[in-house]
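Residue numbers (our numbering), protein chains in the order written: chain A, 1 to 476; chain B, 1 to 476.
There may be inaccurate statements among the hints.
Each pair may be met inside one copy or between any two copies, as identical chains are not told apart.
Distance condition first, Cα-Cα at most 35 Å in a straight line; then the derived DSBU-like pairs of lysine-lysine [said to hold, decoys possible]: (1) Lys202 / Lys464; (2) Lys57 / Lys367; (3) Lys4 / Lys282; (4) Lys119 / Lys4; (5) Lys282 / Lys389; (6) Lys181 / Lys57; (7) Lys181 / Lys119; (8) Lys368 / Lys4; (9) Lys241 / Lys329; (10) Lys282 / Lys202; (11) Lys32 / Lys77; (12) Lys474 / Lys241; (13) Lys442 / Lys24; (14) Lys120 / Lys329; (15) Lys120 / Lys442; (16) Lys120 / Lys24; (17) Lys241 / Lys367; (18) Lys442 / Lys458; (19) Lys413 / Lys202; (20) Lys119 / Lys329; (21) Lys282 / Lys119; (22) Lys24 / Lys181; (23) Lys333 / Lys236; (24) Lys315 / Lys57.
These are computed hints drawn from the structure, not numbers from a lab.
There are 2 protein chains.
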Amino acid sequence: MAEKITPRHVDYSRWYTDVVLQAKLADYSPVKGAMVIRPNGYAIWEMIQQNLDRMFKESGHVNAYFPLLIPESFMKKEAEHVEGFSPECAVVTIGGGQELEEPLYIRPTSETIIWSMYKKWIMSYRDLPILINQWANVLRWELRTRLFLRTSEFLWQEGHTAHATFEEAEEETMRILDIYKTFAEEYLAIPVIPGRKSEAEKFAGALHTYSIEAMMQDRKALQAGTSHNLGQNFAKAFDVKYQDKEGQLQYVWATSWGVSTRLIGAIIMTHADDNGLVLPPKIAQRQVVIVPIWRGDDEKKQVLEYADGIRQELKQEFNVILDDRDQYKPGFKFAEWELQGIPVRLEIGPKDLSKNGAVLVRRDLMKKEFIDRKGILETVRQTLNQMQKDMLERARKFQQDNTHDVDDYDKFKEIIAGEGGFIRSHWCGDPACEAKIKEDTKATIRNIPFDREEEKGKCIVCGKESNGRVIFAKAY
Amino acid sequence: MAEKITPRHVDYSRWYTDVVLQAKLADYSPVKGAMVIRPNGYAIWEMIQQNLDRMFKESGHVNAYFPLLIPESFMKKEAEHVEGFSPECAVVTIGGGQELEEPLYIRPTSETIIWSMYKKWIMSYRDLPILINQWANVLRWELRTRLFLRTSEFLWQEGHTAHATFEEAEEETMRILDIYKTFAEEYLAIPVIPGRKSEAEKFAGALHTYSIEAMMQDRKALQAGTSHNLGQNFAKAFDVKYQDKEGQLQYVWATSWGVSTRLIGAIIMTHADDNGLVLPPKIAQRQVVIVPIWRGDDEKKQVLEYADGIRQELKQEFNVILDDRDQYKPGFKFAEWELQGIPVRLEIGPKDLSKNGAVLVRRDLMKKEFIDRKGILETVRQTLNQMQKDMLERARKFQQDNTHDVDDYDKFKEIIAGEGGFIRSHWCGDPACEAKIKEDTKATIRNIPFDREEEKGKCIVCGKESNGRVIFAKAY
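Could you put the whole structure together from the sequences, leaning on the hints where they help?
See the structure below:
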């Protein structure tokens, strides 16, 4: 609380770091590229885990755990995969005091080690599908760290499923992308665009990659989750076949999918303001803070008794903090809880007590409103529900207001170099045009939206025919 | 299900491995020393996590996440610590394609990295206590693997707390050991002996180590949890001081404590039998399986309808499987669910339907009992409660029956070499006597029980004076 948060309009990037550090969500560690997730930040991750895990289980998935270390030879079995991931791996060469015969890679992702096990477990169509998810740490070497958004080690979930047919794998890929979209919008209040990645942007080893893309407050895109149809690539690399009902041997079809602690960065960059974090109620571990206000011991006693009554009532349904610390003034407490993003604050002083009510402040609006003591549980419940909805709608409006249909490449470059945002433009499908745009502007194709309309047009670079628009943006 | 489990009396060690592999709790991985925790095994870990995590939070602890990789120089800051752990570390020497300037150790435990952060976070007595826990993977190089009990990588929780005084740290150490004991007995149905470790057996870097010790079915001991008072050792190594109320700088006091996936091994070795796993109801993710029995389509329809009604009723409170698979016979299903340790099985055939009831089989007793359809939820609830209690009492009796007070060293050696068990003997406190016993018999001091009686006696090795008995056993 000693320092001030840099306002967004002064320096967006410093603002982000200030929020993360001052709200005690994370901290830099002495290990290059690695961060520490502090309790306030980890609490958000726990809420993400809880809700996503429930959604995975409701759709038939189970959790398991595979080894952290992957033999070098495994990494090399799928050609594109090793090319994509090897350069960013951390490699163990010494174990138990001895030089290892074969170096071991810290998993950058677990396809190879998991498919080496599926080889043991899958023999017949009766063994399929396998619907396994893993909550784990992974590591991809990074020197330019950005807390939550880009760190060497991060936490994630990675689903790895095995199926009898392409269609089943594709269905699973879509089922998961849909879970990700629902979760992002209904829990994180982050509107996202689901779609297919271009060939250049797909996962190393995938047939198709699908993603959900969100827009941050600086109008840059953030990929919030990916779901891959891996085809038979890993089954072939690890020789995983099953006997079908007719007794024929077939290669197994695969998917993989994941979201990571990066989502915490997305929550901050979508909702936080110059006073600090703003948490969507459904993802806040503590939804309500009560700040009592008093002068002198008599008032203190009365106010605390009254405030505790309210706490007891709200506790039935919510996680409530009663901040009765003596050593801090109310204004200090307000600022501290605003910084941490607690959705609803109740201020209770002698006046509120005499009027049999409380002052409610919604974190996203910061407006004081007097509410009645009677029915306070219902009032808080409604307030939190409304806040959850409003946050999503506000973010959706921001995304829409900053999405432009552009048909002229100069205009395209001007917008990307200027205010930024999502640009919907025609693209012929040629990787060369995609590469040129990236070179000229640093913008990439975020995805080819599922819901894009059929529309005849001309590629914004080469002018060749196109059947619809794709989303371009600079991205985290 | 193709193979038979080796009976315990034939080969206890093979029996254990058979249970783990055939119940699909875990599997060997292609990486030396590492295992894969399969969904059935991971479900047990999730139940352990859920319940322990709740107990930690109720006692004021919060979760956080610290980096996997620890710089070599950090490991070296605490002399005993590095001596204890360095030889069993995996070391990263290459990152992002480059030879690293300083090797990074995969955490064998996180004291050093965490105390380097506490150095940043702790300035005043107002910052204390810090009560942080971490759920994570750790790695200690092992070549002789035993599924769950001894693997290079394992999952655990590690608490790391910081306090203003020795007394507070000691109190925390005890609070946690008490949580471990309660959890082991009330959830895992494993009776444990809490006590203090001898100097030779304490944690590398601790002032005192406390443990809970359990007895397995082969009468060997298994350390099921440890809690360490680290004194000021790590605060001194990382120069972590706080300003007390009088403005004086003081070194911070520390504790650390942990339990791991080893507990799954303890559950198996305490409760499983020659038919497979037996899960204490409170730690079973699925408590009830219903196996319908029919001949012909008419019976099938009737029986399934009736069984589903029961499933619906039990579902209000329990996780129930209705095994309606066509391709397997009831006997096959019985064996499969027995192998997996589901606590209660309900068999429902046309006869049970006509008598308006079901046959209930408790996994630990394997006795069939007819129960009424009416009140079935209450019957199942009571059965599970009783089973939970009985399992603890049975294990407690086994432990007591196999614990011997011994005052003669030849007798001591005979028991350890023979049937084994816990031996309560007098010990003078000299590490030399402790070492001699270990050399002669492989038995170690498990701990000095908290509840031991004051009793004058003579050290079983050297005959010098002793004030009480300690527990000796061979251990996992």
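Evaluation of the provided hints:
1. Lys202 / Lys464: Classified as within: same-chain Cα gap 23 Å, cross-chain 73 Å, threshold 35 Å.
2. Lys57 / Lys367: between (40 Å within a copy, 33 Å between copies)
3. Lys4 / Lys282: Within one copy, since 28 Å is at most 35 Å while 49 Å is not.
4. Lys119 / Lys4: between (55 Å within a copy, 23 Å between copies)
5. Lys282 / Lys389: Answer is within: at 10 Å inside a copy they meet the 35 Å cutoff, but 38 Å across does not.
6. Lys181 / Lys57: both (17 Å within a copy, 31 Å between copies)
7. Lys181 / Lys119: within (32 Å within a copy, 40 Å between copies)
8. Lys368 / Lys4: within (23 Å within a copy, 70 Å between copies)
9. Lys241 / Lys329: So Lys241 and Lys329 pass the 35 Å test across copies only (27 Å; inside, 68 Å).
10. Lys282 / Lys202: This pair counts as within: shortest intra-copy Cα distance 32 Å, inter-copy 44 Å.
11. Lys32 / Lys77: Answer is both: 30 Å inside a copy and 19 Å across each meet the 35 Å cutoff.
12. Lys474 / Lys241: For Lys474 and Lys241, neither the intra-copy (41 Å) nor the inter-copy (45 Å) Cα distance is at most 35 Å.
13. Lys442 / Lys24: within (32 Å within a copy, 49 Å between copies)
14. Lys120 / Lys329: between (63 Å within a copy, 26 Å between copies)
15. Lys120 / Lys442: neither (44 Å within a copy, 37 Å between copies)
16. Lys120 / Lys24: Answer is between: at 12 Å across copies they meet the 35 Å cutoff, but 45 Å inside does not.
17. Lys241 / Lys367: Answer is neither; intra-copy 62 Å and inter-copy 42 Å both fail.
18. Lys442 / Lys458: Close inside one copy (21 Å), not across copies (80 Å); limit 35 Å.
19. Lys413 / Lys202: Intra 24 Å, inter 65 Å, cutoff 35 Å: intra-copy only.
20. Lys119 / Lys329: Between copies, since 28 Å is at most 35 Å while 63 Å is not.
21. Lys282 / Lys119: between (40 Å within a copy, 34 Å between copies)
22. Lys24 / Lys181: both (28 Å within a copy, 33 Å between copies)
23. Lys333 / Lys236: between (59 Å within a copy, 34 Å between copies)
24. Lys315 / Lys57: Both. Shortest intra-copy (28 Å) and inter-copy (16 Å) distances satisfy the 35 Å Cα cut-off.
Checked against the numbered hints given earlier, this structure breaks hints 12, 15, 17; the rest are met.
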